[in-house]
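Peer 1: Sequences are here, hints too, so could you generate the full structure?
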Amino acid sequence: MYGKKVKLRVLFLVVILISVILSVFLILQSLKDNVVYFKSPSEIKSLIELNKKKIRVGGMVKVQSIIINSNEIKFVITDFKNEINVNYSGAVPNLFAEGKGVVAEGFLKDRNYFLATKILAKHDENYMPPEIKEAIGDK
Amino acid sequence: MLASQIGYYSLILGLLLTFLLCGVSIKDFNNSNKRVNQNIYTLLFLQLVLVVVSFLSLILSFIKSDFSNETVFNNSHTTKPLFYKISGTWGNHEGSLLLWLLVLTLFIFLFLVKSREQPKKYRILTLLFQQLIIIGFFLFVLMTSNPFNYLFPVPTEGLGLNPILQDPALAVHPPLLYLGYVGSSIIFSASLAAVTQNYISKEWGQHIKIWILISWIFLTIGIMLGSIWAYYELGWGGFWFWDPVENVSLMPWLTLTALLHSILLLERKTILTSWVVILSIATFTLSMCGTFLVRSGILNSVHTFANDPARGIFILIFLFVLIFLSLVIFFLFHKENNKVSNNFFWLSKESSILVNNWFMMYFLSVVLIGTIYPIFLDVISEEKISVGPPFYHKLIAPFLVPFLLFMALGPQLKWIKSKIENKISLILFFIISVVLTFIILKNLSTDLLFFTVLISAAFFLFFTTLKELFVKKFNNISQLIAHFGFSLFLLAILFNSILSSEVITNIKVGEKYNYNKSEIFFEKIKEKKESNYNSIVGFFKITDENGKTIQLKPEVRIYNQPIIITSEADIKTTLLEDKFLVMNLVKGDEYFNIRYQVKPFMLWIWISVLLISFGGIMSLLKKKYEK
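Protein chains in written order, with the working numbering: chain A, 1 to 139; chain B, 1 to 627.
If you're looking for bench data, these hints aren't it; they were derived computationally from the structure.
Bear in mind that the values here come from a model prediction, so they are computed numbers and not experimental data.
Mixed in with the good hints there might be a few duds.
[As the list claims (entries may be wrong)] Each computed SDA-like pair below joins lysine to any residue, with the alpha-carbon atoms no more than 20 Å apart: (1) B:Lys541 - B:Asn514; (2) B:Lys512 - A:Ser89; (3) B:Lys384 - A:Leu47; (4) B:Lys394 - A:Val24; (5) B:Lys526 - B:Ile477; (6) A:Lys32 - B:Ser381.
[What the hints assert, rightly or not] Label pairs and their computed distance ranges (CB to CB): (7) B:Leu448 - A:Lys74: 29 to 39 Å; (8) A:Ile67 - B:Asp544: 24 to 34 Å; (9) A:Lys7 - B:Phe29: 42 to 52 Å; (10) B:Lys442 - A:Lys7: 43 to 53 Å; (11) B:Glu545 - A:Lys109: 55 to 65 Å.
Glycine included, C-beta positions come from ideal geometry on N, C-alpha and C.
Peer 2: Set out below in structure tokens:
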């Protein structure tokens, strides 16, 4: 039969192999659950079915669309083709303003109505979500 | 005007000099003389001087607000305070690359001066590899991101620096981070040189360990400063967001930490040689990837700055050349040293260091996959996604438990073969940790089993290292401090995340907002004028459930150049907790959007990171002392 050393090595290799497979599996599995998709208002309009997962919507804040009261902020995200209404109660970043780029994270109620849980800040005042750049470029 | 010209021409001269330097070095390499040719020192020093001159002239252009220089025009303004004019030099793409170059030349000069007792051929080879990187950076700066571009007609006023970057922490953060990144380039060149010379030995291990420690310390503190900045400047009250840009700085840190541990084995027993080389290559590659990803605009990050794809392609090609070259060298020259027996018992310091490396590699793969998967998916399916914090928490947190236990037990083991000593005190500590955690958590509203396990493990590390610190002779005090710091770090983070509370509301001047027996009173606002911004200061009185009142004065600043609104959080820091208030204008309406957070043990997060890096510094000092 095989020596003790060989057996130990085989055992060692098996343990490594199993742990590598396990960790890759774990990583990919939780990647699936925790991925947040990024959509533009036009993409949302053309969605075939709505699911309940968290998504991000990016676009420009429509001029003259921000309405604020003590509980919440309402505004409209547009990509100059389609737009979507957003309801949000939470903190807003510095660079959130009408006519500027915005990325909101949250849940879709329907194709026209988005409940945001977070608004993301961009460090750069000239930042525009890539899709919007394309959309404006198309014009 | 003149300064820019001097800066530009000294860069070109520097590049030419580098070629000369390479020529002289190659000639000297084949020379049988035992000492390194004196000319090499001179040339290397000249190279450093030229880059310093170039860098200083860029600073000068910034100080004088010389808008005939395009970089200055894009990133500066006459009304900006002097401090930020200077720090603006490296707050932009072109200047930051010049800084990279400066640190590269500085480090290789120091390396050559400080490595006199090493074999000559090894030193010269390291120099040559490093010069390859330096040439790459020279070309990169001159071809794609020249900081001295001339503008005509000369504008009368600059565009200004993004106000969010006008901050003391951010003035120091990039240089420190670069010192860490560039230090890893020395490790990279040195290990390639050592492989070709078949010089991977105990002596090499001891000598390269100093550079590993230096880069590690700078990288640790650099990351921390970035994190502190994000905490008070970005106004969302957290300090780490698992944002791609943060992740790319964490990845080289993980490999560097693994390297820091495995070099201990190399310098004592000449084992793990290939692994050390691979880690060295990986660390530098990851640092370069970081620069590439941040600068190319490929990453969909909240930190995205304006950028230029041409630059990304240059770095990408450069990166591939480096990786390809290093792998070729590794496979052609590397010989596994078979003479040394690498047998060790499963329960020994050796295996515990291996375990550390395994964990580091696991953490690295989690961060790596989370960071590049969105890019990957974007390329193959045009889906835009992002990977959020839950992904990282879910995959990293459970593995911290065994990681912490190993961290507590590993250092107490002996080399080659060991038994677990002081079983009784270990068991005692373990029981104390569990009971203590249970008592603390029972009184809080978290009932989570998971937190109990994790916090117990952290307490266990805390107590064991604390005991060692008090009882033991001080032969491995650096390790104890670093590990103790890490336990403190995790405890601070965990309690911070459990106990933090937050209120967000929209409020008018004069209004009161009540929650949980506490009250936020928005007293008044005041306007203030500074040279480069106007600000609105809000006066808030906050009464907590014990009836104690504090005043917080967050600010909204409207910078005039460029016109940007930033909000400055007001933070009251005490040893036990931070009170954090930030306000935002929403529409120029009377409503202000405020966020008030109570964050326990924030200060301890920074202190513990400092302790961790202090462990590194101790190790460095000890090395000096032993010599």
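Peer 1: Each hint needs a verdict: does it hold in this structure or not?
Peer 2: Here is how each hint holds up against the structure:
1. Only pairs whose Cα atoms come within 20 Å are accepted, and lysine 541 of chain B paired with asparagine 514 of chain B is accepted, the gap being roughly 12 Å.
2. Taking the CA atoms of lysine 512 of chain B and serine 89 of chain A, the gap is about 18 Å. The hint holds against a cut of 20 Å.
3. Note on lysine 384 of chain B and leucine 47 of chain A: the hinted pairing holds, with a Cα-Cα distance of about 15 Å set against a maximum of 20 Å.
4. With a C-alpha separation of about 14 Å, the suggested pair lysine 394 of chain B and valine 24 of chain A falls inside the 20 Å cut-off, and the hint holds.
5. Annotation: proposed proximity of lysine 526 of chain B to isoleucine 477 of chain B is violated, straight-line Cα distance about 52 Å (limit 20 Å).
6. A threshold of 20 Å between alpha carbons decides the hint, and for lysine 32 of chain A with serine 381 of chain B the separation of about 15 Å falls inside it, so the pair holds.
7. Separation of leucine 448 of chain B from lysine 74 of chain A is about 36 Å and conforms to the stated range, judged on CB atoms against 29 to 39 Å.
8. One distance hint, 24 to 34 Å for the beta-carbon pair isoleucine 67 of chain A and aspartate 544 of chain B, holds here, with the actual separation near 32 Å.
9. In this structure the hint that lysine 7 of chain A and phenylalanine 29 of chain B lie 42 to 52 Å apart at CB holds, the actual value being about 49 Å.
10. The supplied range of 43 to 53 Å is met by lysine 442 of chain B and lysine 7 of chain A, whose beta-carbon atoms lie about 47 Å from each other.
11. With their beta carbons about 36 Å apart, glutamate 545 of chain B and lysine 109 of chain A fall outside the hinted range of 55 to 65 Å.
In summary, the numbered hints that this structure violates are 5 and 11.
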